[in-house]
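Residue numbers (the numbering used here), protein chains in the order written: chain H, 1 to 354; chain P, 355 to 702.
Bear in mind the hints are in silico, worked out from the structure with no lab data behind them.
Small disclaimer: the values here were computed from a predicted structure and weren't measured.
One or more of the hints may lead you astray.
Per the computed footprint, the stretches of chain H lying under chain P, defined by three or more beta-carbons under 8 Å from a beta-carbon of chain P, are [to be verified]: (1) 116-122; (2) 253-261.
To give an idea of the chain H side of the interface with chain P (calculated C-beta under 7 Å), a few residues [what the hints assert, rightly or not]: (3) A67; (4) S241; (5) N269; (6) S316.
Using N, Cα and C, we set each Cβ at its ideal position, and we do this for glycine too.
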Amino acid sequence: MATTDPVTATETKPDAPKPGTQSSIERPTSRLRKIVTDQQFILVIVLVVLVIVFTAINPVFFGLGAAGNILVQWAPIVLLAVGETFVIITGGIDLSVGSTLTVSSVIAAFAMQGLTTAGWSEGPTLLVGALICLGIGALVGTINSLLVNVAKLVPFVATLATLGAGAGVALVLTGGGPVQGGPPNASTLSAPIGGGLFSWPVIVVIVILIITGLFLHRSRFGRYTYAIGGNAFAATASGISVAKHLTKVYVLSGLFSGAGGFVLYLQLNGGSPSAGTGDELGAIAAVVIGGASLAGGFGKIGGTILGALILETVYSGLTIINIDPNWNQVAVAILIAAAASLQAVRGIQHRRKA
Amino acid sequence: MSNHTASRIWTRRLLTATSIAAVATVGLAACSSGTASGGSSSGGTAKKSYTIGFVVGASSDPFFQAMKVGAQSEATKLGDKLIFQGNATTYSPATQIPVVNQVLAEKPDGLALAPTDPSALQASVTTAHNDGIAVVNVDSSVNDQSDVISFITGDNNDGGQKAADEMAKAIGYKSGGTYQVVVGLTSATATTNVERLAGFKKEIAAKYPGITIAATGYSQSNSTTANSNINNWLTEFPKLSGIFAIDGTNATGAAAALQAKNLTGKIALIGYDAYKTNVDLIAKGVFTALIAQDPAQEGKDAVDTLDKYLRAGKKATGIQKSVTLPNIVLDKSSSAADLQKYTYVQNG
Numbered sequence: 001m002a003t004t005d006p007v008t009a010t011e012t013k014p015d016a017p018k019p020g021t022q023s024s025i026e027r028p029t030s031r032l033r034k035i036v037t038d039q040q041f042i043l044v045i046v047l048v049v050l051v052i053v054f055t056a057i058n059p060v061f062f063g064l065g066a067a068g069n070i071l072v073q074w075a076p077i078v079l080l081a082v083g084e085t086f087v088i089i090t091g092g093i094d095l096s097v098g099s100t101l102t103v104s105s106v107i108a109a110f111a112m113q114g115l116t117t118a119g120w121s122e123g124p125t126l127l128v129g130a131l132i133c134l135g136i137g138a139l140v141g142t143i144n145s146l147l148v149n150v151a152k153l154v155p156f157v158a159t160l161a162t163l164g165a166g167a168g169v170a171l172v173l174t175g176g177g178p179v180q181g182g183p184p185n186a187s188t189l190s191a192p193i194g195g196g197l198f199s200w201p202v203i204v205v206i207v208i209l210i211i212t213g214l215f216l217h218r219s220r221f222g223r224y225t226y227a228i229g230g231n232a233f234a235a236t237a238s239g240i241s242v243a244k245h246l247t248k249v250y251v252l253s254g255l256f257s258g259a260g261g262f263v264l265y266l267q268l269n270g271g272s273p274s275a276g277t278g279d280e281l282g283a284i285a286a287v288v289i290g291g292a293s294l295a296g297g298f299g300k301i302g303g304t305i306l307g308a309l310i311l312e313t314v315y316s317g318l319t320i321i322n323i324d325p326n327w328n329q330v331a332v333a334i335l336i337a338a339a340a341s342l343q344a345v346r347g348i349q350h351r352r353k354a
Numbered sequence: 355m356s357n358h359t360a361s362r363i364w365t366r367r368l369l370t371a372t373s374i375a376a377v378a379t380v381g382l383a384a385c386s387s388g389t390a391s392g393g394s395s396s397g398g399t400a401k402k403s404y405t406i407g408f409v410v411g412a413s414s415d416p417f418f419q420a421m422k423v424g425a426q427s428e429a430t431k432l433g434d435k436l437i438f439q440g441n442a443t444t445y446s447p448a449t450q451i452p453v454v455n456q457v458l459a460e461k462p463d464g465l466a467l468a469p470t471d472p473s474a475l476q477a478s479v480t481t482a483h484n485d486g487i488a489v490v491n492v493d494s495s496v497n498d499q500s501d502v503i504s505f506i507t508g509d510n511n512d513g514g515q516k517a518a519d520e521m522a523k524a525i526g527y528k529s530g531g532t533y534q535v536v537v538g539l540t541s542a543t544a545t546t547n548v549e550r551l552a553g554f555k556k557e558i559a560a561k562y563p564g565i566t567i568a569a570t571g572y573s574q575s576n577s578t579t580a581n582s583n584i585n586n587w588l589t590e591f592p593k594l595s596g597i598f599a600i601d602g603t604n605a606t607g608a609a610a611a612l613q614a615k616n617l618t619g620k621i622a623l624i625g626y627d628a629y630k631t632n633v634d635l636i637a638k639g640v641f642t643a644l645i646a647q648d649p650a651q652e653g654k655d656a657v658d659t660l661d662k663y664l665r666a667g668k669k670a671t672g673i674q675k676s677v678t679l680p681n682i683v684l685d686k687s688s689s690a691a692d693l694q695k696y697t698y699v700q701n702g
């Protein structure tokens, strides 16, 4: 496999700031320093500190109930954020993820409403709903890739257009109100099983995340993704079809958004035109807190997963300790600034060593 | 008014871009329907046709959709032309003022305005008045009413009080008992939210001292956020007796949370605004009661008042300076006819 892979020659550790510019020789003395400055290690510490602080203020926080809530809220956001991670590693951005989530859940809700009225049973109806969500997601991803590759729009503008269009379509279709009348017991699926920690959607999302993590960090697809973000010209020169790969990355992001739409359908027991409003910024925040660089070439699934978990922990924690939820925005802003500055400082350290 | 601006500050720019795209679609639809009614009114009738501008907050909200239906049918009946406009999704003066200016540029004879801010829209009302355009306020109002011929609204304070009465009934209130309830709001400043909460608190303080409001939170017009708030409160307050969902977005989020946790019927849920999906959930026992307004009647009365005023050469008698429409309580005992009558019309 390695012989057919044009990137292998220039490949470096995925946590180097700019693959291709970094020496692959690691000094043994820098190991300890590397652990201390490792983004994921720091994120785990931050998470532990948050849990301790919230628990100290209100012990109810340290329990299955609160943890179960956090995971339910985390599931749709982490799906968006993981798709976004791929796009951001290529040096692009996908602003349409929240709208895609909304529009896919709304259209699937109409379909499931129709099928339920027609007498379909719960299982097949939900299966069709899930496929519609993924289909709409893939469609939006395809439109994004055409706008980027064919219409030659920069990703920010291309996906800003689909963000607006998606939100508008969802409003026109629903007339502003929620769409219900699908399988009546759908929402019980998103409740934690047996009052424990995990619900079915959360379990499925965790499986998806493991597969995706291996896919990004172990496959040729993943190496191409990093290579394009590190240096698109070098990637082209080494034989990668950048346009073709970007198409796959945007469709992948769309699929993740569609999957998020289905998870949110289950959570809200219906489609809602406001379900994903603003979620694109939650997703980007999770990716940035997770240590990815908006300049491209750099980022990890594990970081994004922790980033999304921290966001939802802050959100639930502030509610449970009865702090004005508007402070949530301030807390998230501080986390983003801290994560981005940490990453910038580390980037300088890496360059100095090289 | 039930849906308000999404106010995450750091998302504002992007949301503005969203609404530009959205208003292009919905705005065009509103324009074309206005033109159509003008065309039909010009044929045949001898009496003069008036042009009435109608500007609301977030026009995609089913509350305003229902208002539009009421206004449009009355305008068609009277042979007037209606220009119904509003930003599609955002309830804010920044997005409403340009829409008002655009409608005023079309030189209507009258303007029905649901101002999104009591002081920011004052200048627009003065401008209209100075141009000889008759102005009524509907749903919400500007501070200085001297240039406004009538203000037609649902009573939010009364709605909050009725919600408190329904809550007490639903949780089986007995004096000496202690009960915890939570209130899901959209934002801390939207006047409708403020008034409903004030009415709710006033009634509890006066009649039900055993009820404490354990927490309040904001959904920022997002049903997912509303849902998360309720989930967290259900964990925080294991002995929770009831939820007051102050508008449609919160009602959607709260209903899903109770259904997911199998707490339907165990925790009282009082909702506000008669979205069709919420009305349907009364029969299933998810909503103990819904406080409904009558936006279609508000729209009808606004058009009717303007028409009467214009037709009488602005010397009409019998126009009330302030009209407050009563709220309706919908619950399991409501007749099917009432449930249907008060459900907000949705184009979906």
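We went through each hint and held it up to the structure:
| no. | hint | in the structure |
| --- | --- | --- |
| 1 | 116-122 | violated (count 0) |
| 2 | 253-261 | violated (count 0) |
| 3 | A67 | violated (9 Å) |
| 4 | S241 | violated (31 Å) |
| 5 | N269 | holds (4 Å) |
| 6 | S316 | holds (5 Å) |
Violated hints for the displayed structure, listed by number in ascending order: 1, 2, 3 and 4.
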